[in-house]
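Here is how the chains run, residue by residue.
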Amino acid sequence: MGTKNWPLWEVFVRSKNGLEHRHCGSLHATDAEMALENARDVYTRRNEGVSIWVVESKNITASNPDNNGELFEPAQDKVYRHPTFYDLPDEVKHM
Amino acid sequence: MKSKNLYKYILGIADNSLILGQRMGELCGHGPSLETDIACTNISLDLFGQVRSYYQYAAKIAGDNRTEDDIAMLRKEREYVNVLLVEQPNTNFAYTMARQFLFDAYHLLFLQELEKSNDLTLSAIATKSIKEASYHQRFSSDWIKRLGDGTEESHQKMQEAINGLWTYTDELFHQTEADKAMVEQGVGVDVTKLKEVYYKQVGQILEGATLEIPESKWFQKGGKQGIHTEHLGYLLSDLQYMQRTYPNMSW
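These protein sequence lines are chains Z and R, in that order.
Position in the first sequence (from 1) plus 40 gives the number in the numbering used here.
Position in the second sequence (from 1) plus 495 gives the number in the numbering used here.
The set of hints was computed from the structure by calculation and includes no laboratory data.
Accuracy of the hints is not assured; some may be wrong.
To be verified - Here are a few chain R residues that sit away from chain Z, every Cβ distance over 10 Å (derived from the structure): (1) N537; (2) N560; (3) E574; (4) E610; (5) A619; (6) Y630; (7) F634; (8) G681; (9) D685; (10) L689; (11) E691; (12) L731; (13) S732.
Claimed, not checked - SDA-like cross-link-like pairs, simulated, lysine to any residue; straight-line CA separation at most 20 Å: (14) R:K640 - R:T586; (15) R:K499 - R:E672; (16) R:K626 - Z:K44; (17) Z:K44 - R:K623; (18) R:K623 - Z:V90; (19) R:K626 - Z:N87; (20) R:K640 - Z:D71.
Positions of the beta carbon are idealized from the N, C-alpha and C atoms, including for glycine.
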């Protein structure tokens, strides 16, 4: 038995309540239940998490790096989109 | 020694976890996949953690200068009282998971009763171990279903493993003299009472996995009396090698 033909899954772990799930890696598994158990054993064995999401990698639609120019570069010179041109009252923290 | 029966009773529990932990540990670096390799080693480490608590307690009761390591590493084969099931080899991954499953189902039932013990140390160890054993059972049961209800080949291999190991299940419910004495004192678990629910639970999982429940009426026994299958000696020579070769060595 090998994992060569097993589907790939992406693993997201929430490290504590209130924080978001973060992508922490991937693994091979034949089904969702196995993916969850493998994720538990591979990525949370040192007490890293309180919740796990797994999603089969093929279900993720990713942007193509070849399109980075049209997708991301137009934002580079639009500094006015950052909320840095306002005077914030002192009471507003963490903006 | 404060209580010979209590000492023997603790070894009866701990040796199962030690020997099964060693078997699972053999897969470290040799598991069928990276993910299952880590899973099996995690189970092994859970079991060794439980074992340490038991042997530390046993060493305290023994009251001589023996440590947990002496008890784990320096007994002779006939002095280990684990059930025969846990010493069976990793013939293939179906055997590894079937062995784990047949033990986990028992282990969890046992710990849930041990938690009610009037011996506070044993009760505390049980409480801590129950969560680990619950996960082990979930993990191994899932593999029984996955392989049993998988491909023709995986089904056949899992059925072979269940058939091969079935003969070792009845021993889980045998009582030693120490067991009986401890049950009488409210310390030990009456394992004879776990048998019915064990076979019911195991049967349900096997059926769900499209596997047949073996009909064998003849069962192996002897482990609890220190009479083992030929496999234990080899396992112990691995387990004990460093301590035998370099006595008192430590990391």
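Taking the hints in turn, this is what the structure says about them:
Not every Cβ of chain Z is farther than 10 Å from the Cβ of N537 of chain R; the closest lies at roughly 5 Å, contradicting the non-interface assignment. Non-interface status of N560 of chain R relative to chain Z is upheld: no Cβ of that chain comes within 10 Å, the nearest being about 35 Å off. With a least CB separation of 33 Å from chain Z, E574 of chain R remains clear of the 10 Å interface cut-off, as annotated. Every CB of chain Z is more than 10 Å from the CB of E610 of chain R (nearest about 24 Å), matching its label as outside the interface.
The beta carbon of A619 of chain R is kept farther than 10 Å from every beta carbon of chain Z, the shortest such distance being approximately 21 Å. Listed as a non-interface residue, Y630 of chain R fails to keep its Cβ farther than 10 Å from every Cβ of chain Z; the least gap is roughly 8 Å. For F634 of chain R, the shortest C-beta to C-beta distance to chain Z comes to about 6 Å, within the 10 Å cut-off, and the non-interface label is violated. Listed as outside the interface, G681 of chain R is consistent with that label: its C-beta sits roughly 35 Å from the nearest C-beta of chain Z, beyond the 10 Å cut-off.
With a least beta-carbon separation of about 33 Å from chain Z, D685 of chain R lies farther than 10 Å from that chain, consistent with its non-interface assignment. Taking the minimum C-beta to C-beta distance to chain Z, about 26 Å, the non-interface status of L689 of chain R holds against the 10 Å cut. Its beta-carbon lying about 29 Å from the closest one in chain Z, E691 of chain R satisfies the requirement of being farther than 10 Å from that chain. Its beta-carbon lying about 28 Å from the closest one in chain Z, L731 of chain R satisfies the requirement of being farther than 10 Å from that chain.
In this structure S732 of chain R is separated from chain Z by more than 10 Å, as the shortest Cβ-Cβ distance comes to about 28 Å. Taking the CA atoms of K640 of chain R and T586 of chain R, the gap is near 19 Å; set against the 20 Å cutoff, the hint holds. For the hint linking K499 of chain R to E672 of chain R, the alpha-carbon distance of about 11 Å falls within 20 Å, and the restraint holds. Only pairs whose Cα atoms come within 20 Å are accepted, and K626 of chain R paired with K44 of chain Z is rejected, the gap being roughly 32 Å.
About 37 Å separates the Cα atoms of K44 of chain Z and K623 of chain R, which puts this hinted pair outside 20 Å; it is violated. Of the pairs offered as hints, the one joining K623 of chain R and V90 of chain Z holds, with about 18 Å between alpha carbons and a cut-off of 20 Å not exceeded. Distance hint between K626 of chain R and N87 of chain Z is fulfilled; the C-alpha atoms sit about 15 Å from each other, no more than 20 Å. Restraint check for K640 of chain R and D71 of chain Z: the C-alpha separation of about 12 Å stays at or below 20 Å, so the hint holds.
The earlier numbered hints that this structure contradicts are 1, 6, 7, 16, 17.
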